[in-house]
Each structure stands twice: as structure tokens, then as C-alpha cells.
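**Q** This is what each chain is made of:
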Amino acid sequence: MPEETKSPTPPPSGEPKPPAGQANPGSVQSTPVHKPPEKAAAPAKPAGPAPLPWQSPLVSKLKGQYGSGVREANTYLGQNYLVLDPSITNEILQILRDDEQFEYCVDVTAVHYPQREKPFDVIWILYSFARNERLRVKTMLAEGESIASSVPIWPTANWLEREVFDMFGIKFDGHPDLKRILLPDGWKGYPLRKDYGIIQQDQEWVHINLGIDSGQ
Amino acid sequence: MTDPTTYLSHLELGEPDKTFLDSNELIINMGPQHPATHGVLRVILKLDGEKVLGTECVIGYLHRGVEKIAENRTYTMFNPYVDRMDYVAAVSNGLGYCEAVEKLLNIEAPPRAKYIRVILTELNRIASHQLWLGTHALDIGAMTPLFYTFRDREEILKIFEKYCGARLTTHAFRIGGCQYETYDGFERDVEKFLDFVPPRIDEYEELLTTNRIWVERTKNVGKISAADCKALGVTGPVLRASGVKWDIRKALPYAAYPEFDFEIPTGANGDTYDRYMVRMQEMRQSLRIIRQAVERIPEGPIMAKVPKVMKPPVGEIYHSIEAPKGELGYFIVSDGSTQPYRLRVRPPSFVNLQALDIMVRGQLVADVIAVIGTLDIVLGEVDR
Chain A
1 MPEETKSPTP
11 PPSGEPKPPA
21 GQANPGSVQS
31 TPVHKPPEKA
41 AAPAKPAGPA
51 PLPWQSPLVS
61 KLKGQYGSGV
71 REANTYLGQN
81 YLVLDPSITN
91 EILQILRDDE
101 QFEYCVDVTA
111 VHYPQREKPF
121 DVIWILYSFA
131 RNERLRVKTM
141 LAEGESIASS
151 VPIWPTANWL
161 EREVFDMFGI
171 KFDGHPDLKR
181 ILLPDGWKGY
191 PLRKDYGIIQ
201 QDQEWVHINL
211 GIDSGQ
Chain B
1 MTDPTTYLSH
11 LELGEPDKTF
21 LDSNELIINM
31 GPQHPATHGV
41 LRVILKLDGE
51 KVLGTECVIG
61 YLHRGVEKIA
71 ENRTYTMFNP
81 YVDRMDYVAA
91 VSNGLGYCEA
101 VEKLLNIEAP
111 PRAKYIRVIL
121 TELNRIASHQ
131 LWLGTHALDI
141 GAMTPLFYTF
151 RDREEILKIF
161 EKYCGARLTT
171 HAFRIGGCQY
181 ETYDGFERDV
191 EKFLDFVPPR
201 IDEYEELLTT
211 NRIWVERTKN
221 VGKISAADCK
231 ALGVTGPVLR
241 ASGVKWDIRK
251 ALPYAAYPEF
261 DFEIPTGANG
271 DTYDRYMVRM
281 QEMRQSLRII
291 RQAVERIPEG
301 PIMAKVPKVM
311 KPPVGEIYHS
321 IEAPKGELGY
331 FIVSDGSTQP
341 YRLRVRPPSF
351 VNLQALDIMV
361 RGQLVADVIA
371 VIGTLDIVLG
381 EVDR
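Those sequence lines, one after another, are chains A and B.
Mapping of the first sequence onto this note's numbering: position 164 corresponds to residue 164, and the numbering continues sequentially without gaps.
Mapping of the second sequence onto this note's numbering: position 331 corresponds to residue 331, and the numbering continues sequentially without gaps.
It is possible that part of the hints are untrue.
The list that follows gives simulated cross-link-like pairs (lysine-lysine, DSS-like), each with its CA atoms no further than 30 Å apart [what the hints assert, rightly or not]: (1) 223/B <-> 46/B; (2) 308/B <-> 194/A; (3) 162/B <-> 51/B; (4) 223/B <-> 68/B; (5) 162/B <-> 118/A; (6) 46/B <-> 171/A; (7) 158/B <-> 192/B; (8) 192/B <-> 219/B; (9) 179/A <-> 223/B; (10) 179/A <-> 51/B; (11) 68/B <-> 194/A; (12) 51/B <-> 188/A; (13) 118/A <-> 188/A; (14) 194/A <-> 311/B; (15) 171/A <-> 219/B; (16) 305/B <-> 68/B; (17) 223/B <-> 250/B; (18) 162/B <-> 308/B; (19) 171/A <-> 188/A; (20) 179/A <-> 46/B; (21) 46/B <-> 118/A; (22) 158/B <-> 179/A.
Far from chain B by the CB rule (all over 12 Å, computed), these chain A residues [to be verified]: (23) 79; (24) 125; (25) 147.
A few chain B residues that face chain A, going by a derived Cβ cut-off under 8 Å, partial list only [unchecked claim]: (26) 60; (27) 103; (28) 142; (29) 144; (30) 179; (31) 183; (32) 211; (33) 230; (34) 231; (35) 232; (36) 243; (37) 246; (38) 249; (39) 315; (40) 317.
Since the hints were made in silico from the structure, they are not lab data.
Model, not experiment: these values are computed from the prediction.
We treat Cβ as the ideally placed atom computed from N, Cα and C, and that holds for glycine.
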């Protein structure tokens, strides 16, 4: 084993980790409020390929329409992504499907950055058959903040959003049946949050339902 | 459900005969322990007589928290775990994972490694389809194909075993290439298999393609339109059987696939029979790819220069491959450390299973079995 392993639970306090795609020195003018402390940590990291601004008719159209609501439009390792304000995300997703032919929602997922002011990234990965192009749409949410469900746009988001809810506790407004999907209904806690340890479990649930003290 | 006592009292009052199934919706439970659900899948069926009014899947019985485990393992250590998701196509899982990390590290596997990867992945696709065919036919009531397909799948597993020592959870690839050079006689073994298997596929087709019972049980069963497939994110053979000519190997090529000549088989009706035909043709196309790869396999190193301690630069990547079941994607967020900050698996089985409801509505209970089989789900991947 060439590498040593970290402790099972991520340290609660540590150096602020710059979220991926945020450490971009190029786009300064559309900087959200919480950005400067993260940027300060970025130069310490080993130099890698940096995200470049993504220019395309689609981006200029959306920027013209929504202005600073489109916070970032970058391309990293050949993959394009948009960072949007949560208030307009659903509207833009609808536009992407209706006008820009992104008719296939590949995945909906989330990432937790506990140190950040808005700790959750919600990510949609979209694909267009006609353009043969992938696009990631990302938005940031605060703890307890909810976002409009994309099930009316792509029915496939139903289970995918349920999984995000199950694992992160992010609520999707207007979801037809938002409940846990992989974990049992009565489970407490959201396992993919960073403050949830790898061997942590819902002791009470395990005790009541399995009749044992620990599932370990 | 009506209380049986009211039913009896009605009879005593001399009202017109009412049967249990006349007006009642019946909720029944299929699984989680049911041989036709291919694992621990529970489907709650709402029935009117034999007709399905709606379904709900209850999943998660095999949930192992693969994504959480990934955050607590190094990139190298996590590699064997991906084999345990779609355990009948472990090689595909490994390919997707290794390529995603390679992209993040900005390295590329050497050409020889790419060819070895293609050969093994396509062999695995055939093995996966053979296993699917055997079990699917068994569910519908044809027992013979199971013995035929398992007999022939054995030859593929033997090649895997000789190559890397494992038959199912192979861990065949490493980040940056392959760990093992091909063994002496690898090409010979593969070529022998290529000659041996086409007549065997003909044999399966003889058993089923024009078999009256098979056709009755599969034609116009579990139909899904191309538009529904796209809306529900259904990929792989299910999407192609609905007439969409889309395969990631062609659309967004990876590994050495651009160098090979092959077709994307499609269907027209999007029913269970078409999906069967698509998978049968896919096996033949895979054979074509393997033959080209074995003939043209280049010499050279099999491992790129990879740092001992892998620390991909800060960033995120989504990479997907055409697994036997559909689009298998990995979304990896790196924070510059030795472990993924977040690793998301986009499992084809999970997303495809969501289409079960729309496919069985209005059909008979027996068709639910056929549709679960034709979706080709692996619960290890659905639940992760």
C-alpha cells in the first residue's frame, strides 16, 4: 500500500478546501460573497490544469438573459459546466431542455462542503443527443435551503433526487414523492454528509428493527 | 380490499354474485426474496385481477455505501470496490473507474493497455449478456438456454482466470493501464473463443428467436417508446431497442474504440423481443471488436507513468462508458488529496429500473417477470 490512509472521519476543522471549479482566477467580476477566503487557499495546491472560461452561443445567450445569475461558465478538462444562482436554476434547466435540446438528464447529485457558507453543491449532468454534448449545471445551497424539483422537466430526476435527499437531506420542492430510497424510511441522518462518519449508523433504528446493538 | 365478512353478508342477502376480483384492487408484494427479481428487489404491485395498475419498487437491500467508502479510501484502494457493483460485468466497472481517474490525473493508458482493456471489456459484455439471456429465459419458462449460456460463459471466465486469477470480481485494470501483461497463449485462447462462440449464439437463437412460446411471451410486452426512454434516462440496449442509435462507444468514444469497426444494433418496437434481438446482435458485434483488437494488438508498455501516491489536481470530472447495461458514469471531485472528495457512481441499472412502472402498466402480472428480466438489472449496482 503506497499511501497512508486518513482517519475514517474527515477532520471537522481543517484548512478550507476550495471547491472544485471555484479556484479559477479568471472570473473575478462574478465572484460571490463567500469566495475570497477559498481563493486564498488555492495557490498552495499543486498546479494543475485550471478551468478556463467557456465561450459559446449558449453561454452568451444565458448571460444576456440572466446577467449575474449565471455565476460561472467554465470548461475543465474539456468538460463544460455552468454555476447558477439557485433562484434561476430551474428556469434555466427548463430552457436547456426545451430550447437547447438537452433532453437527457444523466444524473443529479450533490457534494457537501461543510466549511462553506453555502455547504451544498447540487449538480445536474445533462446530455444532448442532437448536439452530442454533455453539460454540467451546478448550484449552491445553504443548509436547510430547498430547490425546485426537476422532475417536471425530466421524469428520470425522480429517483435521482430521492437519492440526493436520502444521502444529503436536500429537499426538492414539488417532487411527487420525496422520501428515502436506499436507506430505510425511519433512518436518521444523511450518510454522505461529511460530518457523518464512515462507521456511523442510526443506533436506535438498528436496535429496534434488527434487535442487535450494532450492525458492525 | 373489501373485508371478507361483508362479502359473505352480501351473499346471504341474495345480491348479485360478486367475485373477489371484480371491483377490488389488490396490493401484492413481490420479493424481496423472489427468484425472478434477480436479487433482493421488492416490487409492490397494484393489481386489478391479473392486470397491473401500478408498481412501486422498494430498493436498498444491498446498499453498502460504496460512495461513502470511496471518500475514505485512496484512489488505488477503491479500485477493487467498483467490481462489486455490477458483479456480472466487473471489468466494465473497472474500466470506467480507471479511465475517470486517469482523466482527472491527465494521463493516458498506453495503446497496448487500451487494446487489452477493450478485449476484456467486450468479453465481459458477452458474458454479461449470456448470463442475462440464461436467467431471462429461465424466468419466462425456457430452461434450456440457461445451461447453454452458462456452459459458454465459462470459457470467458476461464480466460479471465488465466489473465488475472479471478473469474468474477476481476480487478483487471489499474489506474494508468493494466497490471498484468497477457499470459502466453492469450491471443490463441481468445481466438479459439471467437471461433467457438458464434455457432453457439446461433444455437441460442435457434432455441428462442422463432420459438412460438418465446415470441408470445416477449412480443409487445413491456413496450417503451424512444421519447419515454430519453425522458426516463434509460440507456443501453433498452434505449437502442426503442430505435435510438446511441452508444457511448461511438458517440463519445473512449479506450481504443474509435479504431474498431462495428455497428450499433437497434430495434424498432421497443418491446421485450426487440431488446432480446438487440442483445443477441450486440454479442456478435462484440465478437467483431474482439477479433479486430486481437489481430491488431500493438506491442509496448502496458502501464503509463503513474505517481506512486496519486494526488489528482483540484477539480471534478464526469466520465462514462457503455457498460453492458447502459451508461455507467463516474463523477469524481478531487480536493488535491490522495482520496476522492466525492465519488458519485451513475449506475445504469438504477436509472433503468425506474422505467419498470411505465413498462408494465396495463400488462399482466406474468409480464412483470419478463420486464424485470429484460431490463437486465443487477441489484448490486442498483443499491450500491
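**Q** Next step is simple, just say for each hint if it's right about the structure.
**A** A quick look at each hint next to the structure:
Using a Cα cut-off of 30 Å, the hinted pair residue 223/B and residue 46/B holds, with the two alpha carbons roughly 19 Å apart. Only pairs whose Cα atoms come within 30 Å are accepted, and residue 308/B paired with residue 194/A is accepted, the gap being roughly 27 Å. Pair hint residue 162/B plus residue 51/B does not hold up; C-alpha atoms about 49 Å apart against a cutoff of 30 Å. For a cut-off of 30 Å, the pair hint linking residue 223/B to residue 68/B is broken: about 36 Å separates their Cα positions.
Distance hint between residue 162/B and residue 118/A is unfulfilled; the C-alpha atoms sit about 51 Å from each other, more than 30 Å. A distance of roughly 28 Å separates the Cα atoms of residue 46/B and residue 171/A; the hinted pair therefore holds under the 30 Å criterion. Between the alpha carbons of residue 158/B and residue 192/B the distance comes to roughly 12 Å, so the proposed pair stays at or under 30 Å and holds. For the proposed pair residue 192/B and residue 219/B, the alpha carbon gap of about 35 Å is over 30 Å, so the pair is violated.
Taking the CA atoms of residue 179/A and residue 223/B, the gap is about 28 Å. The hint holds against a cut of 30 Å. This hinted pair checks out: residue 179/A and residue 51/B have alpha carbons roughly 27 Å apart, not beyond 30 Å. Distance check on the hinted pair: residue 68/B and residue 194/A sit about 9 Å apart at the alpha-carbon level, within 30 Å; holds. Proposed proximity of residue 51/B and residue 188/A is contradicted: the alpha carbons are some 37 Å apart, above 30 Å.
With a C-alpha separation of about 22 Å, the suggested pairing of residue 118/A with residue 188/A holds against the 30 Å cut-off. At most 30 Å may separate the alpha-carbon atoms for a hinted pair to count; residue 194/A and residue 311/B meet this at roughly 20 Å. For the hint linking residue 171/A to residue 219/B, the alpha-carbon distance of about 41 Å lies beyond 30 Å, and the restraint is violated. Of the pairs offered as hints, the one joining residue 305/B and residue 68/B holds, with about 29 Å between alpha carbons and a cut-off of 30 Å not exceeded.
In summary, the hint linking residue 223/B to residue 250/B is supported, as the alpha carbons are separated by about 25 Å, within the 30 Å threshold. For the given pair, residue 162/B sits about 27 Å from residue 308/B by alpha-carbon distance, which is consistent with the 30 Å threshold. Taking the CA atoms of residue 171/A and residue 188/A, the gap is near 15 Å; set against the 30 Å cutoff, the hint holds. Pair hint residue 179/A plus residue 46/B holds up; C-alpha atoms about 20 Å apart against a cutoff of 30 Å.
Between residue 46/B and residue 118/A the CA atoms are separated by roughly 42 Å; this puts the pair beyond 30 Å, and the hint is violated. For the hint pairing residue 158/B with residue 179/A, the CA-to-CA distance comes to about 44 Å; that exceeds 30 Å, so the pair is violated. Some Cβ of chain B comes within 12 Å of the Cβ of residue 79/A; the nearest lies about 6 Å off, and the non-interface call is violated. Not every C-beta of chain B lies more than 12 Å from that of residue 125/A, the closest at about 6 Å, which undercuts listing it as non-interface.
With a least CB separation of 18 Å from chain B, residue 147/A remains clear of the 12 Å interface cut-off, as annotated. For residue 60/B, the shortest C-beta to C-beta distance to chain A is roughly 4 Å, which falls under 8 Å, so the interface hint holds. The interface hint given for residue 103/B holds, since its Cβ lies 6 Å from the closest Cβ of chain A, which is under the 8 Å cut-off. Hint status for residue 142/B relative to chain A: violated, with the closest Cβ pair at about 31 Å, above 8 Å.
Annotation: residue 144/B was flagged as interfacial toward chain A, and the flag is violated, the nearest CB pair being 36 Å apart, outside 8 Å. Contact between residue 179/B and chain A, as hinted, is not supported at the beta carbon level, the nearest pair being about 14 Å apart and thus beyond 8 Å. Among the interface hints, the one on residue 183/B is violated; its C-beta lies about 26 Å from the nearest C-beta in chain A, farther than the 8 Å criterion. The beta carbon of residue 211/B is not positioned within 8 Å of any beta carbon in chain A (closest approach about 34 Å), and the interface hint is therefore violated.
Annotation: residue 230/B was flagged as interfacial toward chain A, and the flag holds, the nearest CB pair being 5 Å apart, inside 8 Å. Residue-level restraint check for residue 231/B holds (minimum Cβ-Cβ distance to chain A is 5 Å; threshold 8 Å). A cut of 8 Å between beta carbons decides the hint on residue 232/B: the least distance to chain A is about 5 Å, and the hint holds. A hinted interface residue such as residue 243/B counts as satisfied when its beta carbon comes closer than 8 Å to some beta carbon of chain A; here the least separation is about 12 Å, so the hint is violated.
Among the interface hints, the one on residue 246/B holds; its C-beta lies about 6 Å from the nearest C-beta in chain A, closer than the 8 Å criterion. Interface hint status for residue 249/B: violated, as the beta-carbon distance to the closest one in chain A is roughly 13 Å, over 8 Å. Using the Cβ-Cβ criterion of 8 Å, the hint placing residue 315/B at the interface with chain A is satisfied: the shortest such distance is roughly 5 Å. At a threshold of 8 Å, the smallest CB-CB gap from residue 317/B to chain A is about 6 Å, leaving the interface hint in force.
The earlier numbered hints that this structure contradicts are 3, 4, 5, 8, 12, 15, 21, 22, 23, 24, 28, 29, 30, 31, 32, 36, 38.
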